Amino acid sequence: MKKLLYCTCSMGFKHDCLDLSHEIMRKLGKESGAFEATCTWDVDLLNAEGLKQFDALVFCTTGELPISEADKQAILDFVRGGKAFIGIHNATDTFYKWPEYGEMIGGYFNGHPWNQEVGIIVEDKTHPATKHLGDYFRITDEIYEHRDWSRQKTHVLMRIDNSTVDVNKEGVRRPDRDFAMAWCHDYGNGRVFYTGHGHSNEVWSDERFQKHLLGGILWAMRLA
71 MKKLLYCTCS MGFKHDCLDL SHEIMRKLGK ESGAFEATCT WDVDLLNAEG LKQFDALVFC
131 TTGELPISEA DKQAILDFVR GGKAFIGIHN ATDTFYKWPE YGEMIGGYFN GHPWNQEVGI
191 IVEDKTHPAT KHLGDYFRIT DEIYEHRDWS RQKTHVLMRI DNSTVDVNKE GVRRPDRDFA
251 MAWCHDYGNG RVFYTGHGHS NEVWSDERFQ KHLLGGILWA MRLA
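Mapped onto this note's numbering, the consecutive letters of the sequence shown carry residue numbers 71 to 294.
Quick caveat, the hints were computed from the structure, so don't treat them as lab data. Be a bit skeptical, because a hint or two may be false.
Straight-line distance between alpha carbons at most 30 Å, and here's what the computed DSS-like set of lysine-lysine pairs gives [to be verified]: (1) Lys-281 / Lys-195; (2) Lys-239 / Lys-142; (3) Lys-201 / Lys-97; (4) Lys-167 / Lys-239; (5) Lys-73 / Lys-223; (6) Lys-73 / Lys-100; (7) Lys-122 / Lys-72; (8) Lys-100 / Lys-201; (9) Lys-100 / Lys-72; (10) Lys-84 / Lys-73; (11) Lys-223 / Lys-100; (12) Lys-97 / Lys-122; (13) Lys-72 / Lys-239; (14) Lys-223 / Lys-281; (15) Lys-223 / Lys-122; (16) Lys-142 / Lys-97; (17) Lys-167 / Lys-84; (18) Lys-84 / Lys-281; (19) Lys-84 / Lys-72; (20) Lys-100 / Lys-239.
Restraint-style ranges between C-beta atoms, simulated for each label pair [as the list claims (entries may be wrong)]: (21) Glu-170 / Met-81: 25 to 31 Å; (22) Ile-191 / Gly-241: 18 to 24 Å; (23) Leu-293 / Gly-258: 14 to 20 Å; (24) Asp-194 / Asp-114: 34 to 40 Å; (25) Glu-173 / His-202: 41 to 47 Å; (26) Asp-86 / Val-237: 23 to 29 Å; (27) Val-237 / Ala-118: 42 to 48 Å; (28) Trp-111 / Asp-256: 27 to 33 Å; (29) Asn-185 / Glu-139: 15 to 21 Å; (30) Trp-111 / Met-71: 19 to 25 Å; (31) Gly-181 / Gln-143: 28 to 34 Å; (32) Lys-223 / Met-81: 23 to 29 Å.
Just so it is clear, the structure is predicted and the values come from calculations on it, not from any experiment. Glycine included, C-beta positions come from ideal geometry on N, C-alpha and C.
Please model the complete structure; the sequences and the hints are all you need to start from.
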């Protein structure tokens, strides 16, 4: 069975949903039969030796995690070498001082102008992370916008329906008004999947989100 490391180390804002997220991650692995999840609040396994035992690394983290430059390189080597990296929600609110991380995940958090019900347009209806969602769905969540992000650098799975939010609200920074909510791409020989959803216990409890996350994990691990 594949092994997955789920890290929720929070050096910045600590989300209330993280305890539940550990339970859900273990449940997704067990019920799918695809992986065994090791869930941790710390960074003790984020090094070359610790990562050897895993096939996927999942971040739901914030801030500058306390790891060395060698440990950072080990993470890049892990993914480039053919393993999986999955970022959830605030994973883009992490490692601002490490540009290679931003390149790997696809961009950085640049504010959350909306925390409300929004419409989501599914761009890729065949991807394992989105095929159960249809063309369109609505969900209440905290919505991130990102900087140093471009759809030229990744494959967009779904985006905000701008007609369901105030795109001229104070704090909206993207001039192109392109607010992707999930994307994926290759990184070296590995795969990266990111979802912007996952702010609250309500979202983590939503079966649609759980299927979305599981599909992204399985895709990144080349199991779907």
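Structure-based check of each hint:
no., hint, in the structure
1, Lys-281 / Lys-195, "holds, 14 Å"
2, Lys-239 / Lys-142, "violated, 37 Å"
3, Lys-201 / Lys-97, "holds, 21 Å"
4, Lys-167 / Lys-239, "holds, 28 Å"
5, Lys-73 / Lys-223, "holds, 28 Å"
6, Lys-73 / Lys-100, "holds, 11 Å"
7, Lys-122 / Lys-72, "holds, 12 Å"
8, Lys-100 / Lys-201, "holds, 21 Å"
9, Lys-100 / Lys-72, "holds, 11 Å"
10, Lys-84 / Lys-73, "holds, 25 Å"
11, Lys-223 / Lys-100, "violated, 33 Å"
12, Lys-97 / Lys-122, "holds, 23 Å"
13, Lys-72 / Lys-239, "violated, 44 Å"
14, Lys-223 / Lys-281, "holds, 25 Å"
15, Lys-223 / Lys-122, "holds, 28 Å"
16, Lys-142 / Lys-97, "holds, 29 Å"
17, Lys-167 / Lys-84, "holds, 19 Å"
18, Lys-84 / Lys-281, "holds, 24 Å"
19, Lys-84 / Lys-72, "holds, 28 Å"
20, Lys-100 / Lys-239, "violated, 42 Å"
21, Glu-170 / Met-81: 25 to 31 Å, "violated, 18 Å"
22, Ile-191 / Gly-241: 18 to 24 Å, "holds, 22 Å"
23, Leu-293 / Gly-258: 14 to 20 Å, "holds, 19 Å"
24, Asp-194 / Asp-114: 34 to 40 Å, "holds, 36 Å"
25, Glu-173 / His-202: 41 to 47 Å, "violated, 30 Å"
26, Asp-86 / Val-237: 23 to 29 Å, "holds, 28 Å"
27, Val-237 / Ala-118: 42 to 48 Å, "holds, 44 Å"
28, Trp-111 / Asp-256: 27 to 33 Å, "holds, 30 Å"
29, Asn-185 / Glu-139: 15 to 21 Å, "violated, 36 Å"
30, Trp-111 / Met-71: 19 to 25 Å, "holds, 23 Å"
31, Gly-181 / Gln-143: 28 to 34 Å, "holds, 30 Å"
32, Lys-223 / Met-81: 23 to 29 Å, "holds, 26 Å"
Hints 2, 11, 13, 20, 21, 25 and 29 from the earlier list are contradicted by this structure; the remaining hints agree with it.
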